[in-house]
Amino acid sequence: WTERNATWPLDDSSVSYPTFENLYPEGRLAPAMVYLAASEEILMFGGDRRKGDNPYDDTWRWHDGAWEAVSLADPGNDGAPAARTFHQMVYDSTRDKAYMFGGSSEIDYPEPGVPEYNCGPNNTSLINNKCFYEDLWEWDNVTSDWVVPTITDALGDGNPAARKQHGMVYDEDRDVVVLFGGMVELPLGTACPDGSDSYPDDHFTPCFFNDHWEWHPSSGEWEKIVFADTGPDNYPEGRAGHGMAYDSHR
80 WTERNATWPL DDSSVSYPTF ENLYPEGRLA PAMVYLAASE EILMFGGDRR KGDNPYDDTW
140 RWHDGAWEAV SLADPGNDGA PAARTFHQMV YDSTRDKAYM FGGSSEIDYP EPGVPEYNCG
200 PNNTSLINNK CFYEDLWEWD NVTSDWVVPT ITDALGDGNP AARKQHGMVY DEDRDVVVLF
260 GGMVELPLGT ACPDGSDSYP DDHFTPCFFN DHWEWHPSSG EWEKIVFADT GPDNYPEGRA
320 GHGMAYDSHR
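This note's numbering runs 79 ahead of the 1-based position in the sequence shown.
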């Protein structure tokens with residue numbers, strides 16, 4: 080694996096090569112990034128070092144051609160998200176906030192020379208010697224703070240299971256965050272949970288989710304969407320590493 084820490088902005092008129100006068104992020108794999116439209120900034124969190132070490136837990140902004148390491152205010156004493164990679168973030172244009180869910184540590188614990196890793200207190204699981212996250216975080220762009228939102232579960236259908244490499248998008252018209260799929264690595268020989276597919280592997284049981292969840296920021300509720308016809312011709316199979324997009328015209 081080769082890590083790159085270059086940033087290449089797209090200029091329609093010519094190729095632009097940025098110059099960094101201040102600090103900038105170290106090279107990493109699979110961080111989460113989102114564009115904050117109100118402040119015209121890019122927010123980035125985490126990513127994998129791929130050097131046998133813990134992933135990153137840093138928050139960065141890209142603004143006016145420069146990176147800035149964000150000093151977290153934490154007025155609510157929520158702390159900050161644990162280090163992770165293969166997580167997802169989306170931007171809530173209605174509230175000028177970002178939401179981050181899931182991800183994993185992508186390193187086996189314990190490993191020679193690596194201290195035992197603390198997965199963190201907020202809805203995390205040590206599965207097959209890796210940390211898989213099922214925590215939801217909200218980025219407050221006004222206070223520069225990560226906040227753990229209050230989840231009500233009035234519907235009684237729980238929350239999405241821990242996973243990585245899922246798809247997420249914010250549906251501005253309906254004011255919901257849509258989540259689909261992703262995967263988790265269970266110990267070899269373990270049965271996958273309902274609503275997921277498994278494929279052979281020599282080291283662990285990979286479970287690929289095909290569940291559809293929606294986060295309602297207005298009510299603090301995760302809702303599991305169940306479709307009447309989930310046949311192969313009418314519903315996506317379990318998958319990970321896919322993309323999702325929002326069609327604002329429809």
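These are computed hints drawn from the structure, not numbers from a lab. One or more hints might be untrue.
Stated by the list, open to error - No farther apart than 20 Å at their CA atoms in a straight line, the calculated lysine to aspartate or glutamate pairs in the DMTMM-like style are these: (1) Lys-176 - Asp-224; (2) Lys-303 - Asp-224; (3) Lys-176 - Asp-136; (4) Lys-176 - Glu-217; (5) Lys-303 - Glu-251; (6) Lys-209 - Asp-224; (7) Lys-176 - Glu-147; (8) Lys-176 - Asp-290; (9) Lys-209 - Asp-219; (10) Lys-176 - Asp-219; (11) Lys-176 - Asp-276; (12) Lys-303 - Glu-293; (13) Lys-303 - Asp-280; (14) Lys-303 - Asp-281; (15) Lys-303 - Asp-219; (16) Lys-176 - Glu-316; (17) Lys-176 - Asp-281; (18) Lys-176 - Asp-137; (19) Lys-209 - Asp-280; (20) Lys-209 - Asp-281.
Taking the hints in turn, this is what the structure says about them:
Taken as a hint, the Lys-176 and Asp-224 pair is honoured in the structure, with Cα atoms around 10 Å apart against an allowance of 20 Å. Distance check on the hinted pair: Lys-303 and Asp-224 sit about 28 Å apart at the alpha-carbon level, beyond 20 Å; violated. Distance check on the hinted pair: Lys-176 and Asp-136 sit about 19 Å apart at the alpha-carbon level, within 20 Å; holds. Of the supplied pair hints, the one linking Lys-176 and Glu-217 holds, its CA atoms being roughly 7 Å apart against a limit of 20 Å.
Distance check on the hinted pair: Lys-303 and Glu-251 sit about 19 Å apart at the alpha-carbon level, within 20 Å; holds. Proposed proximity of Lys-209 and Asp-224 is contradicted: the alpha carbons are some 27 Å apart, above 20 Å. Taking the CA atoms of Lys-176 and Glu-147, the gap is near 18 Å; set against the 20 Å cutoff, the hint holds. For the suggested pair Lys-176 and Asp-290, the alpha carbons sit about 25 Å apart, so the restraint of at most 20 Å is broken.
Straight-line distance between C-alpha atoms of Lys-209 and Asp-219 comes to about 29 Å, which puts the hinted pair past the 20 Å bound. Only pairs whose Cα atoms come within 20 Å are accepted, and Lys-176 paired with Asp-219 is accepted, the gap being roughly 5 Å. Taking the CA atoms of Lys-176 and Asp-276, the gap is about 33 Å. The hint is violated against a cut of 20 Å. A distance of roughly 6 Å separates the Cα atoms of Lys-303 and Glu-293; the hinted pair therefore holds under the 20 Å criterion.
Using a Cα cut-off of 20 Å, the hinted pair Lys-303 and Asp-280 is violated, with the two alpha carbons roughly 29 Å apart. About 32 Å separates the Cα atoms of Lys-303 and Asp-281, which puts this hinted pair outside 20 Å; it is violated. Restraint check: the Cα-Cα separation between Lys-303 and Asp-219 comes to about 25 Å, which exceeds 20 Å; the hinted pair is violated. Between Lys-176 and Glu-316 the CA atoms are separated by roughly 31 Å; this puts the pair beyond 20 Å, and the hint is violated.
At roughly 41 Å between alpha-carbon atoms, Lys-176 and Asp-281 are farther apart than 20 Å, so this suggested pair is violated. Restraint check for Lys-176 and Asp-137: satisfied, since their Cα atoms lie roughly 18 Å apart, inside the 20 Å limit. Proposed proximity of Lys-209 and Asp-280 is supported: the alpha carbons are some 16 Å apart, at most 20 Å. Simply put, Lys-209 and Asp-281 have alpha-carbon atoms about 17 Å apart, close enough for the 20 Å limit, and the pair holds.
Of the hints listed earlier, those the structure fails to meet are numbers 2, 6, 8, 9, 11, 13, 14, 15, 16, 17, in rising order.
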